[in-house]
Every structure is written in C-alpha cells, then in structure tokens.
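S.K.: These are the residues of each chain, in order.
Number of protein chains: 2
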Amino acid sequence: MIPPLGRELVLTVDQMIEGVHFLKHDAPDLIARKLLRRNLSDLAAMGATPLGYLLTVALPKNVADSWLEKFAMGLAADQQEFGIALFGGDSSSSLTQISFSATLLGHVAPGQALRRNGARVGDEIWVTGTIGDAALGLRARLGELLDTSGFLTQRSLLPTPRLGLQLANIVHAAIDISDGLVQDLGHICSTSGVGAVLQSHLVPASPEAAAFGEAMLQARLTEGDDYELLLAVPRENAAALINCCANLQITKIGYFVSGNGIDIRDGTGKKLPFSKQGWTHF
Amino acid sequence: MIPPLGRELVLTVDQMIEGVHFLKHDAPDLIARKLLRRNLSDLAAMGATPLGYLLTVALPKNVADSWLEKFAMGLAADQQEFGIALFGGDSSSSLTQISFSATLLGHVAPGQALRRNGARVGDEIWVTGTIGDAALGLRARLGELLDTSGFLTQRSLLPTPRLGLQLANIVHAAIDISDGLVQDLGHICSTSGVGAVLQSHLVPASPEAAAFGEAMLQARLTEGDDYELLLAVPRENAAALINCCANLQITKIGYFVSGNGIDIRDGTGKKLPFSKQGWTHF
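The listed protein sequences derive, respectively, from chains E and V. For what it's worth, the numbering used here labels the leading residue of the first sequence as 5, then goes sequentially. For what it's worth, the numbering used here labels the leading residue of the second sequence as 5, then goes sequentially.
Extracted from the complex, chain E is given alone in its bound form (with noise of 0.2 Å):
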C-alpha cells in the first residue's frame, strides 16, 4: 500500500470484547458498525480522512454462522457508508468469549494531523453534537431507564464519527471522547501540561437527554462513548470554528487555565463534586 500522493498515513486500533463493550444480545451488524465507528472516530479526531482496515475476529465455537453473517453484513454497510476496504485480518477460536479489533489506516497532509497534546491556556473548550446520550443510551439498553423514542439507545449502538471537518488549521488540540466527556478532557490536559474549567452548565444536552434532568449530569459528563470530538480553540480561531461545522451543533463548554486537573463548575461557579471521572466498563 502507498498512501495518496503527498498526504501522510495514520494509524488507530480499538478491539470491542464481548461483556465489555458490547452485549452478547446486541444486534451483531450494530457491533460491527461500531467496531468501524469508534476507530473512524479517532480518525476523526485527527483530521484524517479514512483509507481501510484490518480485522480480527476471535469467535467461540458456538456461535452460529448466522450470527457472523449479520455481523459481515454490517461491515459491508460502513465500508459502503464511509469509503473503506477491507485490507486483511486474521481469524481464530476463542475459549469463552467474543472479540474483534480493527487497525484502521488514514490519510493527512503532511504535518497536519491533530494531536491531543497542543491546548494551550487561554484556548476555549468546544465540543461537537450532544454529549452523554450513550451514556443514558446503555442504561436504556440494560433496562434502567425507559428511552421511548430509541434515540440514546441508537446513539450507543451506532455513534457518529464527525468525519470530514477541516480543523487543522483552527484547533490546537483534539480528541474524541471515548472515555466520557471529563476523562477525555483530562488527556488533553495531562499531555498539554494545562488545566480547565469545564462548565457544567454549559455541555450540550439532546432534548432526550436533558428530560432526565440533574440526576443523570454526572452519567453524562464522565460516561463514554459519544464519540464527538472535543477540542482546544484559541479564541480568534471560534468563528472560523462555527463556519466550518455549518451543518453540526458546536458548543463551547469551558477553557484551559494553568496548572493541571480539570475544575467542574455549574451556572453559580460552584465546583461540582463528581466520584468518578470516567468510564467504567459494564
């Protein structure tokens, strides 16, 4: 393989095992997409734009033919959807449980990728989309809460990668948020050397979401799996920011001060106390 004429390849890999990121009663094509999602997602979150991906596959013997078919079938349907081949992988048994990995492989222009590792104080928090539907989704998903119109529960089964934004020369950092909105944040803090202020108050809710109300705030901020992109904007950059998202909700949400760690504040500047700062698995 060459990558296109001039542009750089990157490379992401992510796995999903079963009882960990995904139910053994979930639809097998959904896994599938969400296998390509999640890696498609941090390609995303470098500006890349997709070429392929590897596959590994490692089934227990009991696990009928029909149940891969479905899961090839959603393959083939975000291979379709976003431009992607298949390039190879490999096959095996398993013991006891279900798992897959995709390597997927992307194209930049040289020096142009976005990292995690370049907010710098002063610049703005923005993200993409809604933030914390995945969370309520999977509560949704395990019977915890009633989601009537399926719309958090779509939203875990098949996140959106935010493919195709033009932001190398907008932003100074990225990433996506996997681990939950306040972990993810974290990355970039920790590799930036910054801290921030994130404004509780001020984080995107879907109208499905925000009718839980304050309960569900912390679910929302630290839980994963929303696969929007979080980023560092300096201030004269937000407007270019705005234009070039035109067709995608995009909300600033806090800023980056010095020093480290993150500070959750409410409308009141209160600082908001959560016990968790991130994802934890099933």
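Wrong hints could be hidden among the right ones.
Note: identical chains are not told apart, hence a pair may lie in one copy or across any two.
Quick list of in silico lysine to any residue cross-link-like pairs, SDA-like style, CA-CA up to 25 Å [said to hold, decoys possible]:
1. LYS28 / SER96
2. LYS65 / HIS191
3. LYS65 / VAL24
4. LYS65 / THR100
5. LYS28 / LYS65
No lab work stands behind these hints, which were simulated from the structure alone.
Since the structure of chain E is already known, use the hints to place chain V on it.
M.R.: Frame of chain E, contents of chain V only:
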C-alpha cells in the same frame, strides 16, 4: 507515518488468544515475543522489512501487574532484536480471557511484495529450516512427550521469523508455515490454481524431531507454528535460492502439478492417507 522514500507499505495482523494460541502458565515475555514473531514471520513471507506495530491488549482484572510487566519486557526485547517501534494501541479489560493482537507494518520495493498466488506447474516446493519441531514442542509443553534438550519446546514458544532474505526475483510464491505445512501448501495451491506433490521423506526434521520417528510424521507435517517459509521456486532459480539462503537450511520437498489438492507421497512413491490436514487448536 510515511513509508521510506520509494517503498511500499505492507501490513499484517495476528492475534493470540488464551487457551488457543498460548497456555495460561506460559512465560508472559515469551507470549509477547511470539505475538510479534508470528507477525514478523508474515512480513518475512511478503519479503518485507519490518517498521513497527500497533498492539491491543485485553486483560481480566485478576491478571497481576507483574505478569504484564514481564509481557512488556518481552515486547521490548523483540523491539530491539528486530528494530521495530511500538506506534500505538488499545488496552481493555476482559471478562474471562487474555487476548492480544498486533498489527505489523513493513515496507517493500514497489510491486516486489511476495504473494501466495504465483506458483506455477513445474515449480519446486522448498522450505527453510526444519519442519514439525513446534508440533512436538507443543506436545512437550502439554507433558505428552519428553523434550530432554528443551529444543522442541523452544521452537514452539519462540519461533524465528525468516526475515532479510532477498527472494523477490527468485520465488513465484511464498507463505509462512503457521497452520501446518500441508495446510499452508494448500493455501498456495488454491490461490495459484495448481496442485502439489509433497514428498514426505524429503521434509527436513531436526535431530530432536527425527528421534521420534515415523509415528510423529503426520503431526510434523500437519500441525502449525513452525514459522518457516514455504516457497514456490522455478527450477532454474534453485541455485540462486540456495545462494541467497547461505546461512539457513533450505530443502526441496516436492513440486507443483496441474490440477488441485496435495498428494503426500513417501520415498517409495506411495500415497500417505493423512486423516487431517491442518492445525487444530488446544
């Protein structure tokens, strides 16, 4: 990442699943090294020079930190031995079993990657090294036979990828023996549209394997994990092949014919009726 100037990237991925590719009590550093070496062997079979890798790790919560430290030391040892870098990866918890995957990147001169599908009728079948040591070494690890010197066990736990041979203009097809000699020869045959005659008495055995005699012939020829190269070589290139493998045992073990399937014949020309063709998992 950009491949070295004027070179083409190649990729391969392989996984190691607890209870399938390794045993829980195996030394973690050797599991790590075998994970890399299985993939390095794939690169060797493509005629590629290794660059680096991506890693996934899934660990149940009861795995000790010391286990993981030893695993990391194994990775570090082979990174140094083979001049490869860790480019990134993903770690996850797991409910029941340990699993790993590695995606290896390498480079070749454009259009010079060795392939499986180029064998032609009349080509000779050659193998590097000795065949069947790993099959017997696995039996030794399971306590089923006595490996006094430890050689067979070592061959099973720590294969040697046959990197660095300059085979591009010498062979018509290449594969590494991971599933078993007969099965991997079958992969060349089916993708090339040819059949093969495998001369069992010519298949090279180490002295340690030869000591177990004919009783182990089927195991040696049909079980995997040798990570030797299996090559389709036009007769006129045999001398060049021997020359380019100067420091490595290299043996002619049969020839490709028209048709399909593999005839396994002994020294008298009699067909051997093997009951299985390839590796079965633990």
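S.K.: For each hint, tell me whether it holds in the structure or not.
M.R.: Hints, one by one, checked against the model:
Taking identical chains as interchangeable, the C-alpha atoms of LYS28 and SER96 lie at most 25 Å apart whether they share a chain (18 Å) or sit on different chains (17 Å). Taking the shortest Cα distances, LYS65 and HIS191 sit within 25 Å of each other only across copies (23 Å), while inside one copy they are farther apart (39 Å). In this assembly of identical chains, LYS65 and VAL24 lie within 25 Å of each other by CA distance both inside one copy and across copies; the values are 20 Å within and 12 Å between. For the identical chains of this complex, LYS65 and THR100 are neighbours both inside a copy (9 Å) and across copies (16 Å), given an alpha-carbon limit of 25 Å.
Taking identical chains as interchangeable, the C-alpha atoms of LYS28 and LYS65 lie at most 25 Å apart whether they share a chain (15 Å) or sit on different chains (20 Å).
Of the hints listed earlier, there is not a single one the structure fails to meet.
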